[in-house]
Structures are given as structure tokens and as C-alpha cells.
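Counting from 1, one number per residue, gives the positions in the sequence shown under full-length UniProt numbering.
Read the hints as simulated data drawn from the structure, not as lab findings. There's no promise every hint is true.
What the hints assert, rightly or not - For lysine-lysine, the following PhoX-like pairs were computed, each having C-alpha atoms within a straight-line distance of at most 20 Å:
#1 LYS305 <-> LYS87
#2 LYS16 <-> LYS65
#3 LYS237 <-> LYS201
#4 LYS201 <-> LYS305
#5 LYS32 <-> LYS55
#6 LYS33 <-> LYS16
#7 LYS253 <-> LYS429
#8 LYS57 <-> LYS44
#9 LYS16 <-> LYS57
#10 LYS33 <-> LYS55
#11 LYS65 <-> LYS33
#12 LYS87 <-> LYS57
#13 LYS455 <-> LYS393
Claimed, not checked - Restraint-style ranges between C-beta atoms, simulated for each label pair:
#14 SER415 <-> THR78: 28 to 36 Å
#15 ARG242 <-> GLU37: 31 to 39 Å
#16 LEU425 <-> ASP462: 22 to 30 Å
#17 ASP72 <-> ASN370: 45 to 53 Å
#18 SER443 <-> GLY64: 48 to 56 Å
#19 GLY210 <-> ASP72: 55 to 63 Å
#20 GLY400 <-> SER257: 26 to 34 Å
#21 LYS55 <-> ASN370: 49 to 57 Å
#22 HIS5 <-> ASP72: 48 to 56 Å
The beta-carbon is built from N, C-alpha and C at its ideal position, and this holds for glycine as well.
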Amino acid sequence: MTDGHNTYFNTVDWAKMQEEHPVGDAFLTFAKKSRDEIRAHQEKLFARLVDRAWKTKFYQHHWGKAGVEPGDIKGLETLPSLPSFDKSDIMESIARNPPLGDFAGFESYGPGERPPAIMHTTSGTTGTPQVLLFGAKSREVQNLLLGRLYRFQGLRPDDVIHSVYGHGMINGGHYVREAVTHWTSSLFLSAGTGVETPSVKQVQLMKDFGATVIVGFADYIKKLARVAVEQGLDPVKDLNIRMISGHLGREDKETLSQAWGGAACFDWYGVGDTGCIAGEGPDRDGLYIMEDAQFLEIGDIDTGKPVAEGAEGDMICTCLFKDDLYPIIRFNTHDVTRLRTGASSLGINFQRIEGFLGRSDNMVKIRGINIFPQAMGPILEEDAAFAGEFICKAKRDESGRDEFIVAAEVNGGASEAVADRFRALLKQKIGIDVGVELSGPGSLAALTQTEVRQKPIRLIDDRFK
């Protein structure tokens, strides 16, 4: 057209995109290729990505400070020598060039060549929401990766998906809806959070429209099972949920499955900047890294250097497909995991990770022990009295001694016997004595903000006030 606009759908080479990032049976064929073939594919995409990154002011600035020059980056083997970046660098970019920053690379396109872009923000879980920008091609690859993962996990064309991801400016609900509606044949119910659609109404929607799959964060999905019971509905007989796919972290999937009548539960991992990085398959034996699109390093939490095989560290992601807007090379998510060892029972040659083990920037050190607050829930799941909600508190007394307290909701009333069991269980798992505060179901909602946040608050650190 002569008015200067490009269109989202005309800027994507759909055939080439699906050749580089296959779906369905073609995905399984690709994932069973040799490691050498997978690496060759990655190198081809990486070279294209680096070329694009050098055209953005962000990488010219970021790499320039580290003394990196064009030609220094020879291939993926160069990655560990390059500086990583994280959300703080993106926020600095926005401060230098408000309101969108200089990481998208809009300025590198000539007059009339600016591509269509989609803008969202992060949820702001760890601070001020961050701008997210997507070109049409990279947006659709993100959508494709999640859509094909759902299908890999067993999503059927006749499924009805109930989504509890939030909408508004945040990326989650919009991205998941696009993944399902663009890359599967399933019906999609965009219920959103408890603020967007009250929990009681959500349960009724699932019943009215025959939902068979729930997608979202485990905390709220567990809450919906409790709400169903409170409304006189049997999650098994009245709500025919057969599959749950979401961010389960170290949640006890068996407990979640039982709450929904034996539904198959699948974990997957990604962040707003990168989209889907890894997810469980039908074997549920670790999360397969989407290695045709993502290159994942595990870096030491303190130094950023590669860790030994199987050791825990920060996930540092390079999005091999993001060669249009906002190239991502060595983005430190500050989410912690470890690589799985051993062969896949499915014959898939993609590497696997353990899953989300906690956030290194939310880790607290209490009397010399590193503690991930998110991990307290799965530990307490071992006791039947635990009602599913918790929040951790870090405090410092007048003598300078740090204390760690786990506040938990319990069924059947708080008692000293239950508190003693919780204290013993937590000491066994994390190695130090901690405080325990018990209360009834629903009492911690104002602190955890489960109803209004995609990711509930799990730590209140008062030590430095």
C-alpha cells in the first residue's frame, strides 16, 4: 500500500517459519534428529540473530561496553564469553530512550519499512512492569511453540480450554489465547484472573461450556477446585477436567491432579520476553527445551559462568528466532533450574530441565542457608493439614539474627501439634529451624494476592527496612 503501512500477516513467511519450527508430527521428527543436526540448525538461526542484534542500539551499547566488536561472535560457542543482560538493563534502556527503549531496533528500519509490532508489559511481579515488544514473526513463533507444546502434551481438537491467565496490558492471557486459536483446533474460554471473572463465575463457566482442559498458574487452579466444592459441585462428577497445563514449578502435581479428579498435569516454563522455553511431554520426565528455537545456558547464580552438568543455576536464554524486533541474546531470567541427565524414553534428543526451582533474585540467605520461598509450598504439601496457601517472612531481630517464618493456611483448625509437624518437616528439608504461623483457609489472601496476581506473593522481607 502507498500509505506506509505493512500488515501483520503479510510480513510473515508462514511456510519458512513452520519449516524452521515444525508442529505436530513434523515436530517429533525434528526433535529426534541427532545432536549434530540440531546444533547445525541452531547455528544457522544464531548467525541471523547476531546480524540483527548488531543493528540495534541496545546491543551496540551493551556489547560495546564489554569490548565486543562485530566479527568477535563466531557461533554459539562464543556465548559464554558475551555479557548477559536482565530486566534491569531493559529498564535502563527505557530510561535512556523513553517510553519504548532502544532494544526493539525500530530505528534500523528505513522510511516506510517499519514492521507491525505488538506491545505488552510484564506483570511487574518483581517491580515496575517492563515493556515487551514483538514483531509479527517472533510473536507467531512464540505462539507456535506453546500451541505445539499443548498438542505434544495431548491436547485434542475437541477440547474446550478454560484459561485463567490475566489480560490487560500483561502478555500472558493474550499470548496463550493466540497460541491456542492460531495453532490448535480447540475452543478457548478466556476467563482470566479472579478479578476479571470471579472464581464462582469461572466454575460455572467450566460447567456450562463443558471445559475439559485448564491452563494457568497452579495456585489459582487449586483454588478453583476448592471453590467448586464450596458451590456444591463435584470436580470429578460435575466438571470433566481431563488435563491441566501450566506453571506448576515444584508444586505437588499429584495433589493438583487429585483435586481435579485425576486430571493429567503438565508443567511448562517461559517468561514474557522469551515465550515458551521448555515443557513436559507425555512422559512427564523433565521439561524438554524447545531447542529449534531456544538456546538455554545454566549459569552460576553469583558469577554467571557455566555450572557443572546437573548443578543448579540461573536460566540464561537466547531466542534463536527473534531476528525481527527485540533480539534476545543471553537474557538472564534469574529463574533457577538444573539440566536433567539420561536419555528420553520417547527417543527425543532435545535437552531437558528440571523445571522452575525458584528465583535467584528472590532467594534469601538465612544464617548461611539459601532458601527459595517458592519451594515451601511443595514441602508443606506432604502434610494433609496444609490447605495450599502460604507466604514467607524474613525478619531481623534487635541482635541482628535473621529469622525465617512460614505462614500457612491449614484445614481443620490451627493447633500446636500441626505447627510442630510443619516445623519438623521444614527443618528436615531446608536444614534450619524456622517459625511457623497457622491460620484458616482464605486468611492469607490479602498478603498473597492470589485473586489479583498471576503469580502470588511468596516473600515479605522486612530485614532491611
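Cross-check of the supplied hints:
no. : hint                          : result
1   : LYS305 <-> LYS87              : holds, 19 Å
2   : LYS16 <-> LYS65               : violated, 35 Å
3   : LYS237 <-> LYS201             : holds, 18 Å
4   : LYS201 <-> LYS305             : violated, 48 Å
5   : LYS32 <-> LYS55               : violated, 35 Å
6   : LYS33 <-> LYS16               : holds, 19 Å
7   : LYS253 <-> LYS429             : holds, 19 Å
8   : LYS57 <-> LYS44               : violated, 23 Å
9   : LYS16 <-> LYS57               : violated, 28 Å
10  : LYS33 <-> LYS55               : violated, 33 Å
11  : LYS65 <-> LYS33               : violated, 39 Å
12  : LYS87 <-> LYS57               : holds, 17 Å
13  : LYS455 <-> LYS393             : holds, 17 Å
14  : SER415 <-> THR78: 28 to 36 Å  : violated, 59 Å
15  : ARG242 <-> GLU37: 31 to 39 Å  : holds, 35 Å
16  : LEU425 <-> ASP462: 22 to 30 Å : holds, 24 Å
17  : ASP72 <-> ASN370: 45 to 53 Å  : violated, 35 Å
18  : SER443 <-> GLY64: 48 to 56 Å  : holds, 52 Å
19  : GLY210 <-> ASP72: 55 to 63 Å  : holds, 57 Å
20  : GLY400 <-> SER257: 26 to 34 Å : violated, 45 Å
21  : LYS55 <-> ASN370: 49 to 57 Å  : violated, 40 Å
22  : HIS5 <-> ASP72: 48 to 56 Å    : violated, 38 Å
The structure is inconsistent with the numbered hints 2, 4, 5, 8, 9, 10, 11, 14, 17, 20, 21, 22, although it conforms to all the rest.
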